[in-house]
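S.K.: Residues per chain, in single letters:
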Amino acid sequence: KNQVEQSPQSLIILEGKNCTLQCNYTVSPFSNLRWYKQDTGRGPVSLTIMTFSENTKSNGRYTATLDADTKQSSLHITASQLSDSASYICVVSAGTNAGKSTFGDGTTLTVKP
Amino acid sequence: DGGITQSPKYLFRKEGQNVTLSCEQNLNHDAMYWYRQDPGQGLRLIYYSQIVNDFQKGDIAEGYSVSREKKESFPLTVTSAQKNPTAFYLCASSVLGTASTDTQYFGPGTRLTVL
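So the sequence lines, in the order shown, correspond to chains A and B.
By this note's numbering, the letter at position 72 of the first sequence is numbered 72, and the numbering carries on one by one without gaps.
By this note's numbering, the letter at position 98 of the second sequence is numbered 98, and the numbering carries on one by one without gaps.
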């Protein structure tokens, strides 16, 4: 069964600090891994997308890494801001079928002043 | 103004009533999806469609129905057979391309509450 596990479930940090969110997956055959940011009560917004051959992808203060051998990914947030408070969702797609995406439960990040 | 729109933002329904959630996109995407999100849980796929007049069941299709008569539109009907319909519903669309472009774009969501 395809699974995506994210850790920690929740995280509180002070404004200006860095943090790293983790994503472990057991999805086969691997197509891509995506990170989304979801503000409370809104739809997810794409941050990064990585294929098998990519091991890092940046989007401003967000940097995602992918280790396809260990099936792990991380999302590093640099110099956090209050607006970074949100849920961060890891999604892994299998094969080329449009419906074959497995979503993690997300990590809820709270940035405090 | 391009993107995906969902309406309404909030919807209240009495038990036993069917209700239809709207989803429209002007991104010219081939694929469209409906997900359900419950507190503390990941998104779960209800239905998806890769082409007009065709759609497939997702993991939790029971009690839901969809149609895809136009490329831009993918309405979801929550029927009275859905036992626990109160949730946040998200519509998404994507290009059916290569793995590097296969990302989903989400609408703002509809929060359905059954009274």
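Simulated from the structure, these hints should not be mistaken for lab results.
We put the CB at the ideal spot given by N, CA and C, even for glycine.
Hints may contain errors.
Derived, one-sided and incomplete: chain A residues facing chain B with beta-carbon distance under 10 angstroms [said to hold, decoys possible]:
#: 1; residue: Cys-19
#: 2; residue: Thr-51
#: 3; residue: Asn-55
#: 4; residue: Tyr-62
#: 5; residue: Ser-85
#: 6; residue: Ile-89
#: 7; residue: Ser-101
S.K.: Confirm or reject each hint.
M.R.: Taking the hints in turn, this is what the structure says about them:
| no. | hint | result |
| --- | --- | --- |
| 1 | Cys-19 | 20 angstroms, violated |
| 2 | Thr-51 | 5 angstroms, holds |
| 3 | Asn-55 | 14 angstroms, violated |
| 4 | Tyr-62 | 15 angstroms, violated |
| 5 | Ser-85 | 17 angstroms, violated |
| 6 | Ile-89 | 7 angstroms, holds |
| 7 | Ser-101 | 7 angstroms, holds |
Violated hints, in rising order: 1, 3, 4 and 5; the structure is consistent with all others.
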